[in-house]
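Guided by the hints, dock chain B with the ligands onto chain A, whose structure is given.
Sequences listed follow chains A and B, in order.
First residue of the first sequence: 1, per our numbering; consecutive thereafter.
First residue of the second sequence: 293, per our numbering; consecutive thereafter.
Treat the hints as calculated values from the structure; they're not laboratory data.
Just so you know, these numbers come straight off a predicted model, no measurement behind them.
Among the hints, erroneous ones may be present.
[To be verified] Within a straight-line C-alpha distance of at most 25 Å, the following computed BS3-like cross-link-like pairs (lysine-lysine) qualify: (1) A/Lys165 to B/Lys396; (2) A/Lys165 to B/Lys417; (3) B/Lys346 to A/Lys88; (4) A/Lys165 to B/Lys346.
[What the hints assert, rightly or not] Covered stretches of chain A (chain B as the covering partner; in silico rule of three or more C-beta atoms under 8 Å from a C-beta of chain B): (5) 52 to 59; (6) 162 to 172; (7) 176 to 184.
[Unchecked claim] Short, incomplete list of chain B residues facing chain A, as computed with Cβ under 10 Å: (8) Lys349; (9) Pro381; (10) Ala440; (11) Ser443.
C-beta: ideal position from N, C-alpha, C; glycine also.
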Amino acid sequence: MELTWEIIILQIIMGLALGAIYVILASGLSIIFGLLDVLNFAHGTFYMLGAYAVFVAISLCGNFWIAMVSAIVIVALLGGLFEITLLKRLYGTEPIYPLLLCFGFSIFMPDVIKLIFGLVGKVVEYPKIFQGAAFVGTLILPKYRIFLVVLMGVVLLALWLFMNKTDIGMIIRAATRDRLMVSCLGINVSRVWTVGFMLGVGLAALAGVIAAPMVQTIPNMGDEMTVESFVVVVIGGLGSLGGAVLGGLLLGQVVSFVSFLYPDWSNVAIFMAMAVILVVRPRGLFGEEGRA
Amino acid sequence: MLKVENINTYYGDSHILQDVSLEVHLGEIVVLLGRNGVGKTTTLKSIMGIEPPKTGKILYKGEEITGNQPYQNVQKGLAIIPEDRRIIPNLTVEENLKLGILHKKKKLNVAERFDMVYQYFPKLKLRVNQMGESLSGGEQQMLTIARAMVSKPDLMMIDEPTEGLAPLIVEEIGEILRRLQRDGATILLVEQNYQVSLSLSDNLRAYILEKGQIKLSGTSEELHACQDEVERCLGVKL
Ligand SMILES: Nc1ncnc2c1ncn2[C@@H]1O[C@H](COP(=O)(O)OP(=O)(O)O)[C@@H](O)[C@H]1O
Ligand SMILES: [Mg+2]
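Only chain A is shown next, with the shape it has when bound in the complex (with noise of 0.2 Å):
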């Protein structure tokens, strides 16, 4: 196929879109490694269980926004849950008990989905004013992919300001860094970390949410997207925000062109991007000396 401009403009575009989908989920990720020192081998999971909650909450409510809004909430409530009653036991254990929880969690989960729901893949629509393309001249702009890209903005507007002008923003920027000092401070640290895991589960719930018009949903769609997701952040660079978004903009493009220009590469598209990234850069595009 020939490389017209109209088609670089529209790859961009996929590919934006995908890194929307790619920063939200990785930013998430990094905060739960960044607060909490633990790897979030379950990232994709609460990621696919975005995506089921979306379709279960479309098929009662009927309204793609309300459901979309509902599907957060409760996987960031399970998230909740699941750090309260088993993540907490392992804090200050080996680093390797709580990511074998998390991992045991991602095996165990997609089934008891394919218990309820089956094998077979369920369909969310695409919400009704995104469906389609808009026409620019010869230019093609599938709406829902440009919603993706402003969505991603308004996210991460969201998540700067309330990192930066909440108090429990600057608590959880504070104990990302030094933990037991705000301990010292009268800080109940634990709870903290409650709100921090919530919050990156949420976020993995809302990229599996936009995810979900656009991919097959199924139990194990969210295997590939925690490798997906650590590989963005080994990118960017363990523990940085700013590097989840860069790491999931470029691998967006990535994936895009790839998937294009050379279909079988795909799969590999993504590794050799990163093993190219840390060998100029070992500790990532934002990666700090001194933090692991």
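Showing chain B with the ligands alone in chain A's frame:
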């Protein structure tokens, strides 16, 4: 106000604090002296709940607080000013102070407390929007004290506030401590510098730790009377 009764604290298998007992009364300044590594910091950490003792009791305002989490003790009015200062590097000076008052935000007039702290530390007021990590050692020390003071604690535990600072700043910190003392603060101070600590107040009491045990205690006059013993414990000539 604070009563520590026969606490024993361990790091793993090593028995650090051995039957340590001490008392601090309201409005008093009590100094904990001793050579490097005898367990002064561990004593403060035990009281705070960072390294809870295995046995023994800690009473604060008549209530047992042994085994409490640090944040619970802070909410009851204890404050710790750690030797490694632990300014939050990615927060501004103002945010560091805010973090210190958050747990009492509803009970205190925040603006008033900030004004009070800036009166003590006019230098910090010039740096409100600067990141914690960009401060000099002396400024960081002032911010740590300020961050503890801002919530109006009833008892401040201050760990080697003059360690590693230039003589001029040591003098400045000493002045701050004297002023705190005059304003009625209750302080448990860990200090290696015997002279600095004795200059803080006319009527202070001191405990001298040696290898995790309290070897000597008394008012500055009483300690003066057994100077040889003090010199031996501290390893200095006075
Ligand atoms: N986290 C720790 N783990 C193991 N041993 C420690 C730890 N912190 C301090 N120690 C040991 O405990 C003893 C007392 O230390 P510390 O209370 O810091 O002494 P001081 O404050 O009087 O210099 C020292 O021998 C030190 O090596
Ligand atoms: Mg010490």
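Hints and how they fare:
Pair hint A/Lys165 plus B/Lys396 holds up; C-alpha atoms about 19 Å apart against a cutoff of 25 Å. Straight-line distance between C-alpha atoms of A/Lys165 and B/Lys417 comes to about 20 Å, which keeps the hinted pair within the 25 Å bound. This hinted pair checks out: B/Lys346 and A/Lys88 have alpha carbons roughly 23 Å apart, not beyond 25 Å. A distance of roughly 41 Å separates the Cα atoms of A/Lys165 and B/Lys346; the hinted pair therefore is violated under the 25 Å criterion.
Note: the region 52 to 59 of chain A has 0 residues with beta-carbon separation from chain B under 8 Å; the three-residue rule is not met and the coverage is violated. Chain B is given as covering the region 162 to 172 of chain A, and this holds because 3 residues of the stretch bring a CB closer than 8 Å to a CB of that chain, at least three being needed. Only residues whose beta carbon comes within less than 8 Å of a beta carbon in chain B count, and the region 176 to 184 of chain A has 8; three or more means the coverage holds. At its closest, the beta carbon of B/Lys349 sits 21 Å from a beta carbon of chain A; the interface hint therefore is violated under the 10 Å criterion.
For B/Pro381, the interface hint holds, since its Cβ comes within 10 Å of a Cβ in chain A; the closest pair sits about 6 Å apart. Look at B/Ala440: its Cβ gets to within about 8 Å of chain A, closer than 10 Å, so that hint holds up. Taking 10 Å as the C-beta cut-off, the interface hint given for B/Ser443 holds, the closest approach to chain A being about 7 Å.
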